[in-house]
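Each chain is listed here by its residues.
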Amino acid sequence: ETGVTQTPRHLVMGMTNKKSLKCEQHLGHNAMYWYKQSAKKPLELMFVYNFKEQTENNSVPSRFSPECPNSSHLFLHLHTLQPEDSALYLCASSQDRPDLYGYTFGSGTRLTVV
Amino acid sequence: GDSVTQMEGPVTLSEEAFLTINCTYTATGYPSLFWYVQYPGEGLQLLLKATKADDKGSNKGFEATYRKETTSFHLEKGSVQVSDSAVYFCALSVAFGNEKLTFGTGTRLTIIP
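For the record, the sequence lines run as chains V and X.
In this text, residue positions in the first sequence follow my numbering: the first is 388, and each later residue adds one.
In this text, residue positions in the second sequence follow my numbering: the first is 18, and each later residue adds one.
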């Protein structure tokens with residue numbers, strides 16, 4: 388199932404740039420998530436949105452700013468990033484009962500900060 | 018809190034070998050259990066799941082049985098192929114808890130011809 392689309396697939400940005408990652412799902416899910424996946428580290432949950440409302444922010448630096456205008460779209464706005472922010476950023480979505488259905492993930496955006 | 022422990026990788030096997038990737042969990046309620054697979058350059062895909070004790074999840078030749086007595090959900094496949102090379106994540110979600118998925122650290126599997 389490829390119901391979650393992330394763009395761009397790859398992004399290279401300088402530390403002074405501003406860019407945005409986009410995630411879109413048309414599965415009728417009401418929850419959306421941003422994860423960071425770095426080499427040799429566990430998956431890090433960054434933000435959770437339920438019905439467009441942010442319900443979790445796991446101490447993420449303010450240089451990452453999420454936006455969820457509706458239940459189908461999720462953005463991650465990036466500014467003044469650091470090289471250690473280079474990672475694969477994964478978006479996921481779920482229905483009301485993730486314990487029954489799990490999450491559906493996008494293919495990710497590979498971010499490189501130079 | 019809820020947690021998942023997976024066997025450390027990387028795991029390297031020859032084609033047609035038997036695969037086991039161990040997963041154990043701790044949970045405050047009654048979890049559902051999942052295995053996700055991540056192929057190179059891709060996101061995570063749901064491989065199989067089990068929502069109650071003694072359930073067996075299966076897909077693409079992979080199987081895992083929810084063992085409440087040993088709090089385990091080990092992933093097995095009888096004969097692996099080169100195309101099974103990927104990273105495998107065990108995860109749990111507790112109903113009527115915070116319901117988020119809690120993931121293990123992942124196990125990298127490489128199959129050599």
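It is worth saying that the hints were derived from the structure and are not from the lab.
Beta carbons: idealized from backbone N, C-alpha and C, even for Gly.
It cannot be assumed that every hint is accurate.
The calculated lysine-lysine pairs, modelled on DSS-like cross-linking and capped at a C-alpha distance of 30 Å, are [what the hints assert, rightly or not]:
id: 1; chain 1: V; residue 1: K406; chain 2: X; residue 2: K77
id: 2; chain 1: X; residue 1: K94; chain 2: X; residue 2: K77
id: 3; chain 1: V; residue 1: K428; chain 2: X; residue 2: K77
id: 4; chain 1: V; residue 1: K439; chain 2: V; residue 2: K406
id: 5; chain 1: V; residue 1: K423; chain 2: V; residue 2: K439
id: 6; chain 1: X; residue 1: K77; chain 2: V; residue 2: K423
id: 7; chain 1: V; residue 1: K427; chain 2: V; residue 2: K409
id: 8; chain 1: X; residue 1: K85; chain 2: V; residue 2: K405
id: 9; chain 1: X; residue 1: K94; chain 2: V; residue 2: K428
id: 10; chain 1: V; residue 1: K409; chain 2: X; residue 2: K94
Derived DEER-like restraints, expressed as beta-carbon distance ranges [stated by the list, open to error]:
id: 11; chain 1: V; residue 1: N404; chain 2: X; residue 2: G78; range: 39 to 47 Å
id: 12; chain 1: X; residue 1: E32; chain 2: V; residue 2: T467; range: 24 to 32 Å
id: 13; chain 1: V; residue 1: N417; chain 2: X; residue 2: K69; range: 22 to 30 Å
id: 14; chain 1: X; residue 1: Q98; chain 2: V; residue 2: L414; range: 23 to 31 Å
id: 15; chain 1: X; residue 1: T37; chain 2: V; residue 2: S452; range: 26 to 34 Å
id: 16; chain 1: V; residue 1: G401; chain 2: X; residue 2: K85; range: 25 to 33 Å
id: 17; chain 1: V; residue 1: S425; chain 2: X; residue 2: T88; range: 38 to 46 Å
id: 18; chain 1: V; residue 1: H460; chain 2: X; residue 2: Q98; range: 36 to 44 Å
id: 19; chain 1: V; residue 1: T467; chain 2: X; residue 2: A70; range: 32 to 40 Å
id: 20; chain 1: V; residue 1: K427; chain 2: X; residue 2: N39; range: 15 to 23 Å
id: 21; chain 1: V; residue 1: P429; chain 2: X; residue 2: T37; range: 34 to 42 Å
id: 22; chain 1: X; residue 1: Q98; chain 2: V; residue 2: P395; range: 25 to 33 Å
id: 23; chain 1: V; residue 1: G415; chain 2: X; residue 2: G95; range: 16 to 24 Å
Query - Structure versus earlier hints - violations, ascending order - result: Structure breaks hints 1, 8, 10, 12, 15, 16, 17, 19, 21 and 23.
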